[in-house]
Amino acid sequence: MQAASPGTPATTDKQAAGRRRSRLARQRILRDWMFIAPQLTLFVLLTIVPFFVAIPILFTDMAQFNDPTVAPVGFRNFTALFTDKSVQADYIPALRRTLIFVALNYSTVYIFGLSLALLMYEVGFRGGFFTVVYLPLMVSGLAVGYMAVMLFSRETGTANLLLKELGLIKTPIDIFSAQGTAFILPLLVGWRYAGYNMAIFLSGLLAIPRETIEASVVDGATYWQRLWRVYFPQMWPSFILATTMCLIGSFAVFDELVAMGALYVNPEAKLLSILFFTYGFQVQRLAMGMTLAVITFFPLVILGVILQRLQRRLQY
Amino acid sequence: MADTASGWEQPRPRQRHMSTRTRRRLLRAFAVIVMLIYTVLTLFPFYALFIRSFVSTRDSAQLHLWIPEAAEVNMNAQVGNLSVFYDLDLADLKEAFGIPQTDFIMSRTSLRQLGEQYSIPEERIHDFFEGFYTYNGWRTLLTGTLYGTSFWGALARTLIITVISLTLAIILSIFTGYGLAGLRRRDQMFVYNLYLLQMVIPAMLILLPQFLIIQWVFRLFPGYGEPGPLRWGLQLLSIVLINIKGTALSTMVFTAAISSIPKELEDSAQIDGAGSWQYVRYILIPLLRVPIVSIIVIMLPLIYNQFLEPYVYLDPANTTLLPFTQSAVGQFSTNFQLIYSAILASVLPLVAVYLMFRRFFIEGVMSGAIKG
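Top line first, the protein sequences correspond to chains A and B. Okay, so the first sequence: first residue is 9 according to our numbering, each after it adds one. Okay, so the second sequence: first residue is 69 according to our numbering, each after it adds one.
What the hints contain is simulated information worked out from the structure, not anything from laboratory work. You may find that some hints are simply not true.
[What the hints assert, rightly or not] Rough simulated footprint, nothing fancy, chain B against chain A, three-plus residues with beta-carbon under 8 Å: (1) 32-41; (2) 54-68; (3) 75-85; (4) 140-153; (5) 257-267.
We treat Cβ as the ideally placed atom computed from N, Cα and C, and that holds for glycine.
With the rest of the complex left out, here is chain A:
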């Protein structure tokens, strides 16, 4: 367009067409943005801006939301993790519990999600069974937490009483003990998300071309070999998606913990999310809580972005 020399009629035509095209393109951009703008405004205000609003607060001693005396403290909130004994006493056990929870919760993705998906794939899709597996996802995290309390309280838990009646256990499981919380919680969270994870893996399985499976059957591969050589390598996007979802979800687990009394009576259920919440809303250490949240989540956000990139590259 720029190379066109004015003068000859042919090039003027071309120029006019080009101008019309660029005007149309500009109109199109304008129209696209008119449609993008409403939701994007909300999204930026409520998701992106909070990110940046948080940054200056991290360097102050803001204690609560309407704190009249906010003073800058430099990097003290960041170094507190290494110097402040009270912060360490709160943070380190919570971190340990969270990591244990993430690990156990991640294994339930496979124990529930992957095995159920394989079962469903091998015997054919069953709508009725899918309905049952997906049902717990309708239950709120809060209700799942209270179900845990109802089933596994030491004295009054229905599951405890039933297992005792059947003679399967001698000493009741106690949801409020350290081990009880550590094992029952991921089990129930895994149970709740089983349907979701199953759907992820099942759609991964359904996307595998049938010829590759038939070929492996003809070649006499055992089921185990088929899993590792045929199914799994072709399901990478599903694995990455399930991993991302589980990582983000596990660090954000909150409602279940509230139901298990984490805010007040049950210190064993105090995971990091509860710690951030208490610092922000209960014990007047808002800036410190936000700093701890940033320190904790920063590596996670980076990891999440990497996983997302990886998944998209594999999908296309």
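Model the placement of chain B on the given structure of chain A, informed by the hints.
Just chain B, lined up with the frame of chain A:
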């Protein structure tokens, strides 16, 4: 599970004589058994919750697998215990027996003593406490109020927020998807990636600053400080705004769906004189039935079961179902029966919707999960 199943697939010499059909059948039987066990384990907590909502607190240390028979109220039961463990409303009691409201009843007074003191026949006391132990949780929940709201008010607010949020979220996400369709330009790609960030930003990280921003904006309204319709309306609005701000999933699903619609359709609509708005309204939205269903079934439980944001943003008198349940638990921490009734009542509406529309849920989740 896979291990055991693999046994039937391996061509071991011993099993060679078994025909493929027999092997198939055995595999089927095994699968059906596993499915049955899983079904029982999944349904058991719901069943237990149902039963426990009828088991009175004093019986909670015994195993009940069926609704217990209505126990007679013991005449030696103390009024104080009844009000602590079963939320017996003393004002109701006084009114029913014609005791002046100003009279003080000692908490250690037993029902027998009460009857003697005010010469109430034993029959009337038994009538008043008919089914008291069995239905006390449900009665208290469905008729009582807590911090200025009843169960029904909380349920109504939840339903309003859910319906408005879902409708607006779908419309706005379709607009976004239409604006981003094709992802041909750099600005479109940038916006798309911005939305993808939502998936990896933990809600807990932005909760505190998000709360700050919304508070700053709302303080600009003069009446926000005092409780009243304006304050409560704004609070509910804040929850809706958080729900409709767009997610990675909705953006991905709608962008992909709209990109796959042939461009000729839009061109021909334009030639026929339809503007962009008319094209979206009359042609695009009817074509997007599948992605709309899939976003609805994924977002519906998330919005209905939202706890953290309403818990932080809403006044107790203006709250939704789950924070209401949570404060009921805090208030009646000794009445297990009431707690389990409240939990079950909060779960039931969505479960009913799910069972009614299960076909859409399955369809929607499977097609949504493929997109990631």
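inquiry  = Is the listed coverage of the stretch 54-68 of chain A by chain B valid when you require three or more residues with a beta carbon under 8 Å from a beta carbon of that chain?
reply    = Check passed, 9 qualifying residues.
ask   = How about the stretch 32-41 of chain A: do at least three of its residues have a C-beta closer than 8 Å to a C-beta of chain B?
value = holds (count 4)
key: Coverage criterion applied to the stretch 140-153 of chain A (partner chain B; beta-carbon cut 8 Å; 3 residues)   = Answer holds; 12 residues pass the 8 Å Cβ test.
message = Is the listed coverage of the stretch 75-85 of chain A by chain B valid when you require three or more residues with a beta carbon under 8 Å from a beta carbon of that chain?
response = violated (count 0)
key: Proximity test - 8 Å, beta-carbon atoms, the stretch 257-267 of chain A to chain B, at least three hits   = That given contact holds, which follows from 6 residues of the stretch 257-267 of chain A lying within Cβ reach (below 8 Å) of chain B.
The structure shown violates just one earlier hint, number 3.
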